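Peer 1: Sequence:
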Amino acid sequence: MHEHEALKGQMYIKMSVVDDGRVTHFWKSDRFAPCVSMKFSPEMARVIADNPYQGALKDVSFVVKFVSKNKLGKKTTVGHFVIGPDVGGTYGEQWKQALAKSGQQVTKWQSFE
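For any residue, its number in the numbering used here is found by taking its place in the sequence shown, counting from 1, and adding 1.
No lab work stands behind these hints: they were computed from the structure. Any given hint might turn out to be false.
Said to hold, decoys possible - 25 angstroms max Cα-Cα, derived DSS-like pairs, lysine-lysine: (1) K29 <-> K70; (2) K9 <-> K70; (3) K66 <-> K29; (4) K9 <-> K72; (5) K97 <-> K66; (6) K15 <-> K72; (7) K70 <-> K15; (8) K97 <-> K109; (9) K29 <-> K75; (10) K29 <-> K9; (11) K9 <-> K76; (12) K76 <-> K29.
As the list claims (entries may be wrong) - Restraint-style ranges between C-beta atoms, simulated for each label pair: (13) G74 <-> Q106: 30 to 36 angstroms; (14) K72 <-> K97: 38 to 44 angstroms; (15) K102 <-> H81: 21 to 27 angstroms; (16) K97 <-> H26: 19 to 25 angstroms; (17) K75 <-> G22: 22 to 28 angstroms.
Nothing here was measured: the structure is a model prediction, and the numbers come from that model. Ideal Cβ positions, reconstructed from N, Cα and C, are used throughout, including at glycine.
All chains, please: the whole structure from these sequences, using the hints.
Peer 2: Right, here's the structure in full:
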């Protein structure tokens, strides 16, 4: 978090639904100040992705970004990851779990790249 504090801005998480290369829906968390001893309670460290497509997720991906916004309004993407049908690794595993457990929470820590 030291490097995040150096950005001198507040942080937030933004999630976008991308369908066929176009952002169709998005959500932003409340802003928070970064700190070295930042700890997240299970209730606060949760991003819930509502499915606006009523189950049709073949060509849909979720892009999750960790963003800093300074006092002048400049936004800096600190990290991001994509969860979707064409993604491998732990992101792909989470996608498969979400499809297998439709309507249920899938809890997993993910790294921002």
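Peer 1: Of the hints stated earlier, which fail here?
Peer 2: Result: no hint breaks.
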